[in-house]
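Undergrad: Chain residues, written in single-letter form:
Number of protein chains: 4
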Amino acid sequence: MNTFGTIFRISIFGESHGKWVGVTIDGCPAGIPLGGSDLLPDLERRKAGAVGTTPRKEEDLPIFVSGVFNDKTTGAPITIVFENNNVRSADYDAVKNSPRPGHADFVLHKKYDGFNDHRGGGHSSGRLTVALVAAGVVAKKILSGITIEAVLAEAGGSTDIEAAINKAVEQQDSIGGIVSCTVKGIPVGLGEPFFNSLESVISHAVFSIPAIKGIEFGSGFAAAAMQGSVHNDAIISEDGATATNSAGGINGGISNGNDLYFRVAVKPASSTPKEQQTWNNATQSVQPFTVKGRHDLCIALRVPVVVEAVTAIVLADFARTNGLYY
Amino acid sequence: MNTFGTIFRISIFGESHGKWVGVTIDGCPAGIPLGGSDLLPDLERRKAGAVGTTPRKEEDLPIFVSGVFNDKTTGAPITIVFENNNVRSADYDAVKNSPRPGHADFVLHKKYDGFNDHRGGGHSSGRLTVALVAAGVVAKKILSGITIEAVLAEAGGSTDIEAAINKAVEQQDSIGGIVSCTVKGIPVGLGEPFFNSLESVISHAVFSIPAIKGIEFGSGFAAAAMQGSVHNDAIISEDGATATNSAGGINGGISNGNDLYFRVAVKPASSTPKEQQTWNNATQSVQPFTVKGRHDLCIALRVPVVVEAVTAIVLADFARTNGLYY
Amino acid sequence: MNTFGTIFRISIFGESHGKWVGVTIDGCPAGIPLGGSDLLPDLERRKAGAVGTTPRKEEDLPIFVSGVFNDKTTGAPITIVFENNNVRSADYDAVKNSPRPGHADFVLHKKYDGFNDHRGGGHSSGRLTVALVAAGVVAKKILSGITIEAVLAEAGGSTDIEAAINKAVEQQDSIGGIVSCTVKGIPVGLGEPFFNSLESVISHAVFSIPAIKGIEFGSGFAAAAMQGSVHNDAIISEDGATATNSAGGINGGISNGNDLYFRVAVKPASSTPKEQQTWNNATQSVQPFTVKGRHDLCIALRVPVVVEAVTAIVLADFARTNGLYY
Amino acid sequence: MNTFGTIFRISIFGESHGKWVGVTIDGCPAGIPLGGSDLLPDLERRKAGAVGTTPRKEEDLPIFVSGVFNDKTTGAPITIVFENNNVRSADYDAVKNSPRPGHADFVLHKKYDGFNDHRGGGHSSGRLTVALVAAGVVAKKILSGITIEAVLAEAGGSTDIEAAINKAVEQQDSIGGIVSCTVKGIPVGLGEPFFNSLESVISHAVFSIPAIKGIEFGSGFAAAAMQGSVHNDAIISEDGATATNSAGGINGGISNGNDLYFRVAVKPASSTPKEQQTWNNATQSVQPFTVKGRHDLCIALRVPVVVEAVTAIVLADFARTNGLYY
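Residue numbers (the working numbering), protein chains in the order written: chain A, 1 to 326; chain B, 1001 to 1326; chain C, 2001 to 2326; chain D, 3001 to 3326.
The set of hints was computed from the structure by calculation and includes no laboratory data.
Owing to the predicted nature of the structure, the values given are computational and were not obtained by experimental measurement.
You may find that some hints are simply not true.
To be verified - List of simulated lysine-lysine pairs, DSSO-like, C-alpha gap at most 30 Å:
1) A:Lys110 with B:Lys1141
2) C:Lys2096 with B:Lys1072
3) D:Lys3141 with C:Lys2141
4) B:Lys1057 with C:Lys2019
5) D:Lys3096 with A:Lys19
6) C:Lys2167 with B:Lys1019
7) B:Lys1096 with A:Lys184
8) A:Lys72 with D:Lys3096
9) C:Lys2096 with D:Lys3057
10) C:Lys2019 with B:Lys1019
11) C:Lys2184 with D:Lys3096
12) D:Lys3019 with A:Lys141
13) A:Lys19 with D:Lys3141
14) D:Lys3141 with A:Lys96
15) A:Lys96 with B:Lys1184
16) C:Lys2110 with C:Lys2184
17) A:Lys72 with D:Lys3057
18) D:Lys3057 with A:Lys19
19) C:Lys2167 with C:Lys2292
20) B:Lys1141 with C:Lys2110
21) D:Lys3047 with D:Lys3292
22) A:Lys110 with B:Lys1184
23) B:Lys1292 with C:Lys2072
24) B:Lys1141 with C:Lys2167
25) C:Lys2141 with B:Lys1110
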């Protein structure tokens, strides 16, 4: 399904090499100022261009299709599309015979009986995250008093990220990374017991971002090796402030008023310049394979703004389902 | 929300110290043999009794309320309830003034304006996982050819789990653990691009289990430090078999036919016998605090069967939304 | 599916001749006084006993399973069950061979491959409306300032309802009726453009009541023969009061602040004492058939309180999705 | 909410006087041939142009944004947009002060605090039904063996529809009508007990069409005046064929294999050329009022293809949730 959210609800569509990719945002309150200039900073953060990112560069100018009138939201669905200018579809002809290792080529071909648009990953491309970022900007606008900041904390196993990128360029092999996200100003009480715990819904959204393979809240995996007396956060005031934040701001699936904190594991991009092995349907054997196309060596560089976006979308929906902020 | 799933859909209800806890399972096909004896093995695995688990022991005999006729499912909603026999509510009077560190006491009190049932965690208790386990048994029944096995891989930071438990008992402090889960026999094609990726929906379900603070698929967090040429799984046959399984059986959010593999971080139980600090509303100051009640020193011991249950529930729902298995 | 609602969400379960029927109400705010005595008046209105209703009489004493603590709602799911005391299952053995005309026997047998509980209609019985009525009482409680009143406006084609019932008893043939429902005090703005129009969601809920075959809002079918200049309601004040109410209180799917008004067609109960024809699987031919069991001659007598209940459930959910009333 | 459906799910967006209106169709199987020419016949039926319809004429050429590759569906979301060429927004300036009687002007202004796009009804315009018709064409494609036919059965209270239209033109006053819809070839077993009864979901969808005020299945309101022995449809064969079809092809909310039959009441268009009365915010009094803009005298002429579309969308979703047809 390509729809997410209960009241603040987004739907995404489009393919990497199609005409447009886009998003429809339903359930946004009326009267919120919204224009292209609001979107540009986050769109810019997501863009390629830095060392370690793909040479495919898109203008990423948002086209507002609906839901905005006199520069304000109307309460009707907001549809925003982005043109795909910079496509080189011929790069992908080889994929038909040789499913790229680490990619979704094989599973998409099977799932859709070969009818999927295989060019550039089709609908399953990271290109679609431009739509998530656009929706994230709208979501952030209805979260007054809340700030969401995601950063690349590690790349290629190192906290010296510049060095890690340079090494990847030198070795011509893609690398992964870890993105950490901190949310400040979140009120006590967001999240629902059991199936809509904050962790449940945030992880649901975060794992919709391509290349994410892990998430941990607060102490996360380190907590598994801690003792309860160490892990527990002593409550030190009537409003629930805690001396430490092992819980990452969440108890029993519900925000406790402290900073929400989580970390996300980004795998190395499957499209690495290094030669690999994969099955070739033409020769019916395993063959050496080199990915064509223009790709990111460190896709994790572009992930933080997308993590912020989906977090904002989750919180905006929780806010609306709790009758807050509008 | 206490409902999960699109077509195979479960709803849970009840409180730790209420009369019954239970579950309603909607969307189960008709004609499946189902009786109390089907549930007992998994219920037994979840039960207390081993070293390191709570002395509160429940009979956990399932009462079938609806949806089963002549020992087979009817296609109508299946409701199963469990009595809460072994409650000692007086243990929880102190909680009213002193929210226990690491627990949901504080957030529940705030979220529900003090009207929540505070006894034993009320509706947010691990007691509710008995309902998840019951639903998991039903889910497993409609996943013919699929086996799901979760085990406790680490406790207190060690793979020698017996030693870790003994140390916890000796030190009288709770410990966490890591549960790993492997699913065999899953066909290619389960999971949907973007918001219903397999990782999204499994993580959503897993984080509904109390005390879970992290999840990783395949190489997970380790992938963040790997190079693409190392991480990518070479495809070695026409049916998608791979030489390695860094992806944990999932590409682009969709099962690739290899084993599904993920790991889950379980924090130490908040209820540790060790003295802690917390805010006391009566004295308006931080005070030493010792948890009363009967609790688990290593709650992670009881988590594997619950992880299996929610995984089965997710897969059963994916199966039904794809028109499979019935 | 047996779940209805987005935030204020109910799930029903049980069979006519099973142990219990019941309902789980999720998303009800905490702190609302709730006990058995709140439910009794509406349960009483739904009960049999009057001339024209079935001699099967149930005690209908609600058993609160969860979600209520110290006589107030807790914010957790509220489950309420009712025992089925007065069952005479042997009455239904004939149904296995002869699907009753007008009943769901045939379709249920086909849909569930013969595994459905056929006794008394099983899960598809009007018995389940006791669960809807219970949920309706809870819904009404969170609709302060709103009154919902449904009445039987016609029976057997006549507005002299007592005479119509007497005639039905005399002729020993079941009759239908028309229920009208008026909601006062509804604020402007409930309902969403297009798919969640007030008419859409109310009709969705009303058609879940067994035996309903039509619904019309405001002038309804009569509007089809009117001219626009006659049908339009002149707006006569700044707050939207109208001189007439052809619209039934709804414009563009959204409440306009005037009384919400709709009418519902109830078919005659399929279980009529009159001899009928139906297919007999044993003889492989059409055979005369007389319904056994105890049934209502005018089921419409018991429908108004159920219409009120589902209307209240719809409005409570709209209220919660709009952040109102709590 | 502007999304409808569980697996075959559509989302609509756009405003009457915006740039585009459109629809996203998620959950459509891959491999279905789809192009503009498939859509044209139904789009043509919906168009204006006949006597009694608006002089506003749109080209209604579908632009495929996503989800179609090599003229076949890909399994990814299908987005189709239509340009709004023929807008005369100045016609609507008066609406700001004088909410048109019978329209949603007043409720939309209140609901959205005056931020809604008021031009031509904005998002609540009948213009959006072009998106429903497009989605309906796609839905019909996956319902092999099922035919859906809706016709205008009455206009202005008469079955002589041509005469009724001529009279409306002569009197310069809008008229309503009744649309009947027959579905042939529907298998036994679509529809779910209680909340997703066929009647529930079809009525939900039908009432999303502007100007609909009533729906009845089978005998509908006439059933309310019938006796059970007359209303019941005698079953006359093993496969459930019935001698009559009072039930409209539905028992207990589930299709019984006979023709599905329902009728829909369409009110007269609120925009009638006749002078009317409405509140004027500028003068703070009731004032005579004449609608400007170009409108339909008998909007019911254009409704049948829209009823077919939403019926197809409902059945396609039921088919997919039951694992059928693909």
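Undergrad: Now tell me, hint by hint, if it's right for this structure.
TA: Tested hints:
no.: 1; hint: A:Lys110 with B:Lys1141; verdict: 26 Å, holds
no.: 2; hint: C:Lys2096 with B:Lys1072; verdict: 17 Å, holds
no.: 3; hint: D:Lys3141 with C:Lys2141; verdict: 46 Å, violated
no.: 4; hint: B:Lys1057 with C:Lys2019; verdict: 27 Å, holds
no.: 5; hint: D:Lys3096 with A:Lys19; verdict: 38 Å, violated
no.: 6; hint: C:Lys2167 with B:Lys1019; verdict: 48 Å, violated
no.: 7; hint: B:Lys1096 with A:Lys184; verdict: 28 Å, holds
no.: 8; hint: A:Lys72 with D:Lys3096; verdict: 17 Å, holds
no.: 9; hint: C:Lys2096 with D:Lys3057; verdict: 58 Å, violated
no.: 10; hint: C:Lys2019 with B:Lys1019; verdict: 17 Å, holds
no.: 11; hint: C:Lys2184 with D:Lys3096; verdict: 28 Å, holds
no.: 12; hint: D:Lys3019 with A:Lys141; verdict: 24 Å, holds
no.: 13; hint: A:Lys19 with D:Lys3141; verdict: 24 Å, holds
no.: 14; hint: D:Lys3141 with A:Lys96; verdict: 28 Å, holds
no.: 15; hint: A:Lys96 with B:Lys1184; verdict: 28 Å, holds
no.: 16; hint: C:Lys2110 with C:Lys2184; verdict: 43 Å, violated
no.: 17; hint: A:Lys72 with D:Lys3057; verdict: 29 Å, holds
no.: 18; hint: D:Lys3057 with A:Lys19; verdict: 27 Å, holds
no.: 19; hint: C:Lys2167 with C:Lys2292; verdict: 21 Å, holds
no.: 20; hint: B:Lys1141 with C:Lys2110; verdict: 22 Å, holds
no.: 21; hint: D:Lys3047 with D:Lys3292; verdict: 20 Å, holds
no.: 22; hint: A:Lys110 with B:Lys1184; verdict: 19 Å, holds
no.: 23; hint: B:Lys1292 with C:Lys2072; verdict: 26 Å, holds
no.: 24; hint: B:Lys1141 with C:Lys2167; verdict: 53 Å, violated
no.: 25; hint: C:Lys2141 with B:Lys1110; verdict: 22 Å, holds
In this structure, the earlier hints numbered 3, 5, 6, 9, 16 and 24 are contradicted, and the remaining ones agree with it.
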